[in-house]
Amino acid sequence: MEPTEDMEEQEDACGDEVASAFSIGDLAEEDIPEEAEASADGIEVEDIEALVTDVQDHVFGEMRLPEHVVTELQTAWNTFLAQQPSRDSAGDAIYSAIFDAAPELQYLFKTARSVMAMKFVNALNMLVADLPRPTVLKANTETLSFQHLDIDVTTPRAGVFRDAICELLQQELGANLTTLALSGLQALLNYTAGAMIYVRREYSDRINILRASWIAASHARLAEQEEQAANGQPLASMDRLPAAALEGEAEPASNSKRAKKIQATKVPENFNEMFCFNAAVMGFNMGINWMEAVLDQFENMVLNASNTNRLQEECDVLSLRLIKIKDPVVFAEFKAVMLASLRSLIPKVWGVEHEVAWTWFWDNLERMLKIQLGQLKGQQRAVDRFIRNLSEESIPRLCRDVYRRFFEQAPTGQNYFKQSTTRLYFIASKVMEMCMEIYKRPRELMEEISALGLRHVGYGIPTELFMPFVEAWSQSIYAMNVDEKTAASIRWSLTLISKSLIRTIVEGSTLVMKAINTNSALKFHKAISVTSRKKREQELLRVTVGTQSISPLLWAIKNGSFHVARAMIADLLTIRADRDNYYYGCNALFERHPDIVQECCGVRGQQLLPILFDGMLWRSRLTIKKMRRVNFFVKHLIQNDDGTFNTYLPAVVKLNDPHLIGHPVVSFVFNLLWARLARYSFLRSRLRYLALVVLVVSSQSVLPRLNPREETEAQRIALFVCRAALYLFDFVPHLIYNIWQLVKDIRARSFVFLWGTVPVPTYLYDPSHAAQVVVTICMLLMLIQEPIFACLGNMNGDFAGAGLFTTHCPQAETRMDVYSVLSEITVLLHWFLITDLCIFSIRLCCYFLTCSRVLVELLHYSIAVLFLILAFSSAIGAYGPSLYDFDCIPEGALSLFKIVLGMYENQRFDAIREEPQIYTLLAIFTLISLIFLGSLLIAQIAGAFTKLYKDIENYAVLFRAGITVQTVRSARPKRWASFLASLKFQERIEFNEGDIGLTGGIQILEPATLNPTTDEIIRRYGGSTDADNPWPEDEFKNQGSLETRLKHLEKLVIRATKAMIKGRLAWSLTNLDR
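First residue of the sequence shown: 9, per our numbering; consecutive thereafter.
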């Protein structure tokens, strides 16, 4: 902005007045401020006359204005503030004046308009108030300059700001802005701008010193200890103590448990340990709580000393934590301990420049923290009071006003807020909740904000929308006529949250995340192609901001970006090699996502499993003696990181996908587990159950049928022993186990809903478990109805079969009918429970599964026949004259049932012929039930068998895999450890002969003709083997989606067509010339 003509004339007219007023030598001795006298002692003082006209960036000293100039300027400033409705209005006026004068400078300020305006007015008010105290003014100006290190302040830009602010005050105050006040304001603004330029130029070396010394101190070990350890010398006790321990006079308090604990620890080897040690030794244990809060964020503040936005964010969060600590905060104590710790950790490089740099850094931090702590007082109560006073009617009104203002300021935001109004209100309520929580638990909420920011990276939200959103909130709250304290408190918390979100999004927005948002595999390949070899895996698996991280791969899976997800998995599980190393991301993938198999088994991610398993398989293209090497890298499919059985492998079985279970890697894993571990354990458990089957058959079917009512005493004793063993070794264990499983499911609320309404514990969803429960119930009823127990009081009575443990007493006869039925069910179910022995033969298992699947069709046929029986028996019952076999509906239903089964006698049809109505109904019933439904049953069974036949072997493997998982889970730890040791996952396995490859795999030989392989699966590269270099760019030349390859083909065709046309044209012109 250029000065106006009126301003130039005014300055020329009163130049002499200004010069005389600012000439300290012409003032009376009593008018000279006390600070001015200190200039004789060597304190550098700014040239006031030069400051009035231009920015002075060659020196940074104290600015000492005459008292009457200071008075004039302060009066004018206070008058300006008094004329404005509020501080916010004053700041907005300054903001408008600056950016109306220089719109091109708006990109320098990324904070919301209302927040930036308030910063302008607060900073100017502080500088004007500090004018009578030059020393304080210099310190605060230095702090303000420290906060602008990352902004390129130049003399022309400073002139634009100065002229805009001066012109604004001239317009607002008119004659009330005297010449002296205007000149003083110009000097103050020039002084501040010069300080910013000077600090940015001269203090850059201090920033470098801070970073270098901090990195050294964070990972330092005491030099004396290193040297002594290298020479094999013992460490002297005095040499082990830090500098503070030798120099400090104060002893730690005897009643301080923390001091004793710190003194008892090993020798400190990094900054945090050294700091705690020195704090205890120097007697600062009372402030250890607030010092620990500073330590938690100290590293971020040091490493971001040149990033003023991040530094201010860390100071804001630290202030929120410090204001909640009741102990007195003495910053000088932290400074003393900090310097002592740094001297101890890096004594060889520590010098005067380090002392100056760290002192300068902490002094500025201290001033920033003190200012922020003073502003935070009462803010939490103001926000809490505002939120609690919001009524149910005012909340929706506030939300509507916020979004209305936001969409007016940023119309593109409507493309991202597509949810319903209730969802938008929910987001607004969360914003208000975060404004409150940031004061109550700042550290935890900042972690949540970082996680939220990383999720916004996945959403692809532009950072340009955050400031308008904050501005909309500020304007809406201010429109509710709240007091300035409340509005400022909410605006401050919103600004802090938005800055943290913006920083997280900017730091987390990698090229890979942008490719995920577009779901473009081609963009993903371009993004990852520039990544170094050693960082390629982490680029796909972890994006970290602060202490929070997000996995691009997992986000792609959950976000439905399957094109990119498939490309990412394929890239991770591609084996690459140079002359020195193999690069294979399987270990990194499963270390980051142990549940990757379960994630891919989800509804949206099932299509990723084949690619995942393909990457764990390597086949050689070379054959030796008609055999081919095959490596299965299945370590992470078999075991967890802690060596236990893989928790997520059963998810593959739960999918019940015969095609997936037939994948070479999956079938190899389950066959390996079955053959090497589960088979013998399962056989032992089935042998036990076979013994129970023999026991139940002997006690219920064999012994009671030997000489009934004429049993010998030995037979009765044997029967008693068998039944007692049956109840003791079969009933009791199953009762306890089933109750425990059912109670566990009920407590965990693990239910399966049958027909969508009936809750059933998940344990009963397995047919074998349900059969065990039924067996247990039947045996419980058998125990209640047991004839031997009924006859205990009358074993030697007057009846046939009397004697010890008899079952034929009169008391038992009344129970025999019920007991016999229960015995039949129990024996049948025991035989049913050993049908899983068929898994020892895949072909037998295939037959069993075929029968079980076809039984469903038979069940449907039975339901249809039952319906016909009920319908026709009712119809026949409605006929007047009745026959003996159809006298009533039950008799008729029984007769029809016998007809279906072919058990109805032919002689009975002679009587039915005499009743043509009944005979006609029976003919129709026979036609439908036996001919039509019977033929349909045969067709359905044939169709079901045909459908199952092509996958029946995979179904058999799937059935055995489920039993394998259950068996392996119950394996003894010693047996499992022995099995893992036999696999030798820690040893490298060969690829081709002499080519020692990777760990975590198992190698087998397969017939060469089984899976012909002509291409080399491993991608080998020549050239440099530096791990910092990316892989060659032509890696994905022949890869990509079908669409990409078609576009490439289209370009080739167009290029060839153009070449042909050009050639024909040239040939035609040649012939024409001839």
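Treat each hint with caution, since some may be false.
Stated by the list, open to error - Computed list of lysine to aspartate or glutamate pairs in DMTMM-like fashion (alpha-carbon distance at most 20 Å, straight line):
#1 378 to 341
#2 633 to 1003
#3 332 to 363
#4 634 to 374
#5 634 to 998
As the list claims (entries may be wrong) - Listed next, with one range per pair, are the computed distances between beta-carbon atoms:
#6 953 to 689: 30 to 38 Å
#7 932 to 689: 56 to 64 Å
#8 1032 to 689: 50 to 58 Å
#9 183 to 470: 23 to 31 Å
#10 1035 to 470: 18 to 26 Å
#11 552 to 652: 54 to 62 Å
#12 1035 to 744: 41 to 49 Å
Keep in mind the hints are simulated off the structure, nothing from the lab.
All values reported here derive from a predicted model rather than from experimental measurement.
Just so you know, even glycine gets a beta-carbon here, dropped at the ideal spot from N, CA and C.
Results of checking the hints against the structure:
{"no.": "1", "hint": "378 to 341", "verdict": "holds (15 Å)"}
{"no.": "2", "hint": "633 to 1003", "verdict": "holds (19 Å)"}
{"no.": "3", "hint": "332 to 363", "verdict": "violated (31 Å)"}
{"no.": "4", "hint": "634 to 374", "verdict": "violated (77 Å)"}
{"no.": "5", "hint": "634 to 998", "verdict": "holds (18 Å)"}
{"no.": "6", "hint": "953 to 689: 30 to 38 Å", "verdict": "holds (33 Å)"}
{"no.": "7", "hint": "932 to 689: 56 to 64 Å", "verdict": "holds (57 Å)"}
{"no.": "8", "hint": "1032 to 689: 50 to 58 Å", "verdict": "holds (52 Å)"}
{"no.": "9", "hint": "183 to 470: 23 to 31 Å", "verdict": "violated (48 Å)"}
{"no.": "10", "hint": "1035 to 470: 18 to 26 Å", "verdict": "violated (35 Å)"}
{"no.": "11", "hint": "552 to 652: 54 to 62 Å", "verdict": "violated (28 Å)"}
{"no.": "12", "hint": "1035 to 744: 41 to 49 Å", "verdict": "violated (58 Å)"}
Of the numbered hints stated above, those contradicted by the structure are hints 3, 4, 9, 10, 11 and 12, listed in ascending order.
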